[in-house]
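Respectively, the protein sequence lines represent chains X and R. Using UniProt numbering, read the first sequence as starting at 1 and increasing by one per residue. Using UniProt numbering, read the second sequence as starting at 1 and increasing by one per residue.
Among the clues, some could well be false.
One copy or two, either will do: identical chains are not told apart, so a pair holds if it fits within one copy or between any two.
When the alpha-carbon atoms are kept at most 25 Å apart in a straight line, the in silico SDA-like pairs for lysine to any residue are as follows [stated by the list, open to error]: (1) K86 with G37; (2) K54 with Q141; (3) K45 with V64; (4) K54 with G87; (5) K45 with S94; (6) K54 with K114; (7) K62 with V128; (8) K86 with D68; (9) K86 with E153; (10) K62 with Q138; (11) K40 with R84; (12) K121 with R137; (13) K36 with V85; (14) K86 with V64.
Read the hints as simulated data drawn from the structure, not as lab findings. Computed from a predicted structure; not experimentally measured.
Protein chains: 2
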Amino acid sequence: MSESGRIPQARALLQQCLHARLQVQRGLVIYVCFFKGANKELLPKMVNTLLNVKLSETENGKHVSILDLPGNVLIIPQTTLGGRVKGRNMQYHSNSGKEEGLELYSQFVTLCEKELAATSKCAEAGVVVEHGTYGNRQALQLDTNGPYTHLIEF
Amino acid sequence: MSESGRIPQARALLQQCLHARLQVQRGLVIYVCFFKGANKELLPKMVNTLLNVKLSETENGKHVSILDLPGNVLIIPQTTLGGRVKGRNMQYHSNSGKEEGLELYSQFVTLCEKELAATSKCAEAGVVVEHGTYGNRQALQLDTNGPYTHLIEF
Chain X
1 MSESGRIPQA
11 RALLQQCLHA
21 RLQVQRGLVI
31 YVCFFKGANK
41 ELLPKMVNTL
51 LNVKLSETEN
61 GKHVSILDLP
71 GNVLIIPQTT
81 LGGRVKGRNM
91 QYHSNSGKEE
101 GLELYSQFVT
111 LCEKELAATS
121 KCAEAGVVVE
131 HGTYGNRQAL
141 QLDTNGPYTH
151 LIEF
Chain R
1 MSESGRIPQA
11 RALLQQCLHA
21 RLQVQRGLVI
31 YVCFFKGANK
41 ELLPKMVNTL
51 LNVKLSETEN
61 GKHVSILDLP
71 GNVLIIPQTT
81 LGGRVKGRNM
91 QYHSNSGKEE
101 GLELYSQFVT
111 LCEKELAATS
121 KCAEAGVVVE
131 HGTYGNRQAL
141 QLDTNGPYTH
151 LIEF
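Chain X extracted, bound-state conformation:
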């Protein structure tokens, strides 16, 4: 269900983590996928929404953004999120092409890195953006006190 009823340009799935491999602790895991027709103008809006949405839990149980926590960000490309079930199979016909997807993904990561670097609270805490390699299978270990999984479509 996209935010406005139209066909989405992207999907992002968010999970909370205490610890995830790729050496990210106490942070936000973002699985991201781009659809055909997604364009670069989308990216700043995605970054703004995902890094400012109040889904990170403080020790007091309050929910703040990952920038305010502050916490690490782990970005994992998940083209599988673009799949659509048909019978017993998944089809990925709406996914962006591989080159476009890589370009959008890379720019998305870069914009997230810039946002953290520009946020003094994050710079002082030394929190980082880690990201998986586009196109490769990425082993992942995730510990979470409740994954708190959210889906956002753009």
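We have chain X; now place chain R onto it with these hints.
Below, chain R alone, put in the same frame as chain X:
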């Protein structure tokens, strides 16, 4: 994006796991959420789709259903999957009520257990359905060789 463009009745997020806490190995993790208006008639269709979709990878790299693998199933209630972002906040207005959600969740789990029990390949292999407790935060450890995350809406 629902399968037919209408407002969905449920969302299921699937991930592959090598090992997940709650003692499930080599199986399928299903995060499930029900929306307002979801009714029981939906459940057999959900079970049929989720347990037969070919998203489980064999050692040969072939994709089969979890029933054919065969593998364990870990079902985790994730009402957060029903959220919709508004500004910096998530809203859960479309989620089912707590009682309805619990009822649907419990029946969904039961139907999955029955399906595995009725499948000789699964019974012989001794694979099981494990599930989290509705309404409680559930710590989760997930190891995966690529989470292979898929979203299905019903």
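Checked hints:
1. For the homomeric pair K86 and G37, the shortest alpha-carbon distances inside one copy (22 Å) and between copies (24 Å) are both at most 25 Å.
2. Taking CA atoms no more than 25 Å apart as the test, K54 paired with Q141 passes in both settings, with 24 Å inside one copy and 23 Å between copies.
3. For the identical chains of this complex, K45 and V64 are intra-copy neighbours only, at 18 Å inside a copy versus 38 Å across copies, given an alpha-carbon limit of 25 Å.
4. Taking identical chains as interchangeable, the C-alpha atoms of K54 and G87 lie at most 25 Å apart only when they sit on different chains, with a minimum of 9 Å there against 37 Å within one chain.
5. Taking the closest pair of Cα atoms, K45 and S94 come within 25 Å of each other both inside a single copy (21 Å) and across two copies (24 Å).
6. Taking the shortest alpha-carbon separations for K54 and K114, only the intra-copy value of 19 Å comes in at or below 25 Å, while the best inter-copy value is 39 Å.
7. In the homo-oligomer, the alpha carbons of K62 and V128 lie at most 25 Å apart inside one protomer (22 Å), although the nearest pairing across protomers, at 36 Å, exceeds that limit.
8. Taking the closest pair of Cα atoms, K86 and D68 come within 25 Å of each other only across two copies (18 Å); inside a single copy the shortest separation is 41 Å, beyond that limit.
9. Taking CA atoms no more than 25 Å apart as the test, K86 paired with E153 passes in both settings, with 21 Å inside one copy and 12 Å between copies.
10. Only between protomers do K62 and Q138 lie at most 25 Å apart by alpha-carbon distance; the minimum there is 18 Å, versus 32 Å within a single protomer.
11. Proximity of K40 to R84 under the C-alpha cut-off of 25 Å is found in both arrangements, the shortest distances being 24 Å within a copy and 23 Å between copies.
12. Proximity of K121 to R137 under the C-alpha cut-off of 25 Å is found in neither arrangement, the shortest distances being 33 Å within a copy and 29 Å between copies.
13. Within a single copy, K36 and V85 get their C-alpha atoms as close as 17 Å, and across copies as close as 22 Å, so both meet the 25 Å cut-off.
14. Proximity of K86 to V64 under the C-alpha cut-off of 25 Å is restricted to the inter-copy arrangement: shortest distance 14 Å between copies versus 38 Å within a copy.
Against the hints set out earlier in the document, a violation occurs for number 12 only.
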